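Each chain sits in its own coordinate frame; assemble them with the hints.
Below, each chain spelled out in residue letters.
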Amino acid sequence: NAGVTQTPKFQVLKTGQSMTLQCAQDMNHNSMYWYRQDPGMGLRLIYYSASEGTTDKGEVPNGYNVSRLNKREFSLRLESAAPSQTSVYFCASSPRTGTGSETQYFGPGTRLLVL
Amino acid sequence: AQSVTQLDSHVSVSEGTPVLLRCNYSSSYSPSLFWYVQHPNKGLQLLLKYTSAATLVKGINGFEAEFKKSETSFHLTKPSAHMSDAAEYFCVVSDRNRGSTLGRLYFGRGTQLTVWP
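Taken in sequence, the protein lines are chains Z and L.
To convert, count from 1 in the first sequence and add 58; that's this note's numbering.
To convert, count from 1 in the second sequence and add 148; that's this note's numbering.
The set of hints was computed from the structure by calculation and includes no laboratory data.
All clues stand as given, with none of them false.
Residues from chain L shown here face chain Z by an in silico Cβ test under 10 Å; the list is partial:
hint, residue
1, Tyr177
2, Ser180
3, Gln186
4, Lys190
5, Leu194
6, Ser242
The following label-pair restraints were derived from C-beta to C-beta distances:
hint, chain 1, residue 1, chain 2, residue 2, range
7, L, Thr262, Z, Leu127, 36 to 44 Å
8, L, Lys217, Z, Ser76, 44 to 52 Å
9, Z, Lys72, L, Ala201, 44 to 52 Å
10, Z, Pro141, L, Ser176, 35 to 43 Å
11, Z, Thr65, L, Gln260, 23 to 31 Å
12, L, Ser178, Z, Ser76, 38 to 46 Å
13, L, Glu214, Z, Ser76, 46 to 54 Å
14, L, His187, Z, Met99, 17 to 25 Å
15, L, Ser232, Z, Val70, 29 to 37 Å
Residues of chain L placed beyond 12 Å of chain Z at every Cβ, according to the derived structure:
hint, residue
16, Ser162
17, Thr165
18, Val167
19, Asn172
20, Thr203
21, Gly210
22, Phe211
23, Lys216
24, Glu219
25, Thr220
26, His223
27, Pro227
28, Met231
29, Val263
Keep in mind it's a predicted model, so treat the numbers as computed, not measured.
Beta carbons are placed, not taken as given, at the ideal position from N, Cα and C, and that holds for glycine.
For reference, chain L alone in the conformation it holds in the complex (with noise of 0.2 Å):
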């Protein structure tokens, strides 16, 4: 079975401040991880993804994530936080049974970042 964690529900942080919004994955297989953001009254956008490659996922907008295995963890980061990053954010993981649902998407119930000037 899949599932995520986010285990935040809110962050708060100034403008030019890291960021890190975490995310705990459960999974049965090998599993492709994703993060997506939502701005106010919009639809989704992908900000990265993981597919078992390097590590080391980097994305959009300067934000990069982490696939740590040992820890059943994908967390986000970006270095600096901008005005322009204040959304809605959703780690994911995607179904690999090769089924009839392979390809479906779990998603977390969502991490709400504040960017204060």
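Only chain Z is shown next, with the shape it has when bound in the complex (with noise of 0.2 Å):
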């Protein structure tokens, strides 16, 4: 009953470090996303991964790389996190049924602060 999981559920950072946030899911899907969620922006798309061995710059790409580990699990790592890149991440999976009406499935979120 996990659908989408994401660790860490907070993080802190000095400008400069590294780190990556994790995405897994049981649903046997094959696309997932990456992402993140800014006050009176909505939800804009960083990475996606269509299928297993595939991945995609979204809208906001910058600063981010993606590894699509196998077909459960998609991460997003920031090299070198800045104050710009504090927000809240929605790690998100579809079955990708190929009519693009697929509902896609949110995690709970990771809340990243930059200083």
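Below is the structure:
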């Protein structure tokens, strides 16, 4: 009954530090996504993975890298954190049935503060 | 190109009165449209979605939305607000272009719903 899980739930970094946000889903979904949420901006897509072995940039990819480790796991890495990356990060997954109408299922989020 | 405009950033209603959250969309293809809800410090939960079947879509917790192609709108309504409805609501359009972006979601900026007792 886990769905999409994210770790950590909360993190404080200093400018220039690196970290990896972890995401895993147990629904056997093909597609996975990373979003950031900032006040008044909705959710913006950072990177996505349409299927295992592929990754693509979204709207705001600068300063991030991703790895689709296997079908279950999709990680987001900040190589050198900046205060502008202070945000709430959400991972999501969807089955990708080929219709473009798939529901995305979201994790609980990671709150990141960069000082 | 796909985009969504939520016409109100904040809506306040009294408990027991109707709720109307407005959304207009732009899509190059026949759209799929969603409403998601986010309660404080929580993830996003699907309320309902439209995928070219019935134009009036019923969702969870008494919410419904009507797809109006002529008006490019997908407004969310509920006849009687409850205190537990207080949350942020996102209108979302899905990319149905059969390329690498198939299935990508484009979010509106959100509407914060406050429910007064």
